[in-house]
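Read top to bottom, the protein sequences are chains A and B. Just so you know, we're using the working numbering here: the first sequence kicks off at 5 and counts up by one. Just so you know, we're using the working numbering here: the second sequence kicks off at 5 and counts up by one.
It is worth saying that the hints were derived from the structure and are not from the lab. One or more of the hints may lead you astray.
Identical chains share a label here; the pair holds if one copy fits it or two copies do between them.
[To be verified] When the alpha-carbon atoms are kept at most 30 Å apart in a straight line, the in silico BS3-like pairs for lysine-lysine are as follows:
#  : residue 1 : residue 2
1  : K208      : K121
2  : K215      : K26
3  : K145      : K57
4  : K145      : K66
5  : K30       : K145
6  : K106      : K145
7  : K145      : K215
8  : K57       : K26
9  : K57       : K30
10 : K30       : K41
11 : K26       : K41
12 : K66       : K41
13 : K26       : K66
14 : K208      : K26
There are 2 protein chains.
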Amino acid sequence: MTTISVSIFNILANEIVSGVLKPGAKLEEIPLATRFKVSRTPIREVLRDLASKGLVQMEPRKGVLVAQIGLEELSDMLEAECELEALCAQIAAHRMSLLEKKQLERVHELTAIAVSKGDDARYLELNHEFHNLISAGTHNKLIAETVGNLRGRLSGFRQAQSKTEKRLQTSHAEHQCIVDAILSSDAVIAFQKMRAHNARLSSKVIEQLSKSNTNKSIKTK
Amino acid sequence: MTTISVSIFNILANEIVSGVLKPGAKLEEIPLATRFKVSRTPIREVLRDLASKGLVQMEPRKGVLVAQIGLEELSDMLEAECELEALCAQIAAHRMSLLEKKQLERVHELTAIAVSKGDDARYLELNHEFHNLISAGTHNKLIAETVGNLRGRLSGFRQAQSKTEKRLQTSHAEHQCIVDAILSSDAVIAFQKMRAHNARLSSKVIEQLSKSNTNKSIKTK
DNA sequence: AAAGTCAATTTTGTATTCATATTGACATTT
DNA sequence: AAATGTCAATATGAATACAAAATTGACTTT
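Please construct the entire structure, taking both the sequences and the accompanying hints into account.
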C-alpha cells in the first residue's frame, strides 16, 4: 500500500514536466484539494516534495508556483547535466555488464528505426531510455538519481526544442559514437563524445530560449 | 520573517550532520513537537525536508529514522563527491575572479596555521570554507548546491575519520597543489589534483568504515 | 485622476481531532 | 514449546478547525 501523497505527486510531477502545467502557474492548495477530493494536508506534502525536486518554487506565505526557470538558472542546469552525463558515460564505459551493453545497443538500434520514420514521440521515448541505461550503467544509484532528476526538470525544454528542429539524424550519429565507445569500454572517448553531444544540445536550447525571450520583450514594449 | 519549519529544520539538520542524532535513531513526531513546543504539523514538514536531502529515511506508516548509510551507499556518495569536486575545481580554475582567488589563497594560508598548531576543529572549519569557495567559484549555483549538500551528508564520516588520523599535513600539501592550479587558471591540473585528493580521502573513509563494520559483525556473532 | 490607506476576503501556516495501520504482547492451538 | 492469531496500544496519515498574514478592491483624499 502507498500513501495518497505519492500518487498525487506522480500526477502533478508528470503534468509539470509534460508542460500541462505551465511555468509560473499558481498551485493553490484548496483547488488542488478539491480536484483530488482530499484535504489540504496531503496536498501540502506533495507541494513540498515537488519543491524539493525543483519542479515548483514555494515561498513562505506567498504560495507555490510551477518553477519558472530563468536563463542563468537554465544554463546552470544544462552545464551540470552536460558534465554529469559525460561522467556517467565515462564510468559506465568501464562498469557496464555485457547484458547492459547489449540492452544499450538494442535501444540504439530501435532509435535508428524511429529516426528513419521521423517518429518524434518514439524517438524522445527511446532517447530517454538511452540516457537512463547509461546513468544506470554507472552502478551508482546516487549519480543516476541526480542526473535523472535533472533530466526530468529539463525535459520540458528539450521537447519544445525537438519539435522545432530536424536534427534527429545528427543526434543519432552522435549517439552512435557514444555507443561504440561504451561497447569497447573506452571511457575517455565515451566521456568526450557524450560531453560534446550534450554541449551541442545545450547551446541549441539556450539559443532558442534567448530568441523567444527577445521576442517576448519586444512584444512587451 | 521565516516559518517555524525552517528554523527547526536547521536545528535538526545540524544535529544530524554533527552526529548528535545518531544514524538509525527514531525521530518521532510527538516527542519532537513537545520538544520544540509546536504541533505535529510543522514537525512533519521538517521531517519531509530532511528526507528530501537524504538526512533521514522515511517509510510510510513506519516512521522516520536518521539516515543510516550502508557501505555501498557510502561509496556511491564518495565517488559522486570525488568527481563533482574535481569538476568544481576544473570549472573554478577558469571562472573564479581575482577577488575569489585571493579569498581562496587567504583561507589556505589560515589553514596552514591551524595545521601547524594541530588545531583540529579550526582545520575542519577552514577546510569546509576552502571547499565552499571552490564550489562557489564555479558560478554555477546548482552544482555548488549539489556538492554542498553531498558534503553535508558526508561530514559525519569525515569528522569521525579526522579524529583518528594525523594526516593534516598531507591534506594541506595536496590543497597547496590545488590552490596553485586554480590561481594559475590551470583547469586540467586543478581537476586532477582535486580528484586525487578526494579519492585518497575516500579510500581512507571506506577503509575505516569497513574495519569498524567487521568488528561489529564479529561482535554480533 | 492618481495615489494611498484601510477593511474585507482569500490563502497560507499551525493546531487539533479523527481514522487507520503497525507493533508487541498475550493467549490459544497444534 | 513453537507458531499463529487476535487484541490493545501507539504512532502515523488525513481531515478539519483556527490563526495570522497577504492580497485585493473600494473608498477617501489630495
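Structure-based check of all given hints:
| no. | hint | in the structure |
| --- | --- | --- |
| 1 | K208 x K121 | within (23 Å within a copy, 53 Å between copies) |
| 2 | K215 x K26 | within (19 Å within a copy, 52 Å between copies) |
| 3 | K145 x K57 | both (16 Å within a copy, 15 Å between copies) |
| 4 | K145 x K66 | between (35 Å within a copy, 23 Å between copies) |
| 5 | K30 x K145 | between (33 Å within a copy, 25 Å between copies) |
| 6 | K106 x K145 | within (20 Å within a copy, 37 Å between copies) |
| 7 | K145 x K215 | between (37 Å within a copy, 24 Å between copies) |
| 8 | K57 x K26 | both (16 Å within a copy, 26 Å between copies) |
| 9 | K57 x K30 | both (17 Å within a copy, 25 Å between copies) |
| 10 | K30 x K41 | within (19 Å within a copy, 32 Å between copies) |
| 11 | K26 x K41 | within (23 Å within a copy, 39 Å between copies) |
| 12 | K66 x K41 | both (23 Å within a copy, 25 Å between copies) |
| 13 | K26 x K66 | within (18 Å within a copy, 35 Å between copies) |
| 14 | K208 x K26 | within (21 Å within a copy, 48 Å between copies) |
Violated hints: none; the structure is consistent with every hint.
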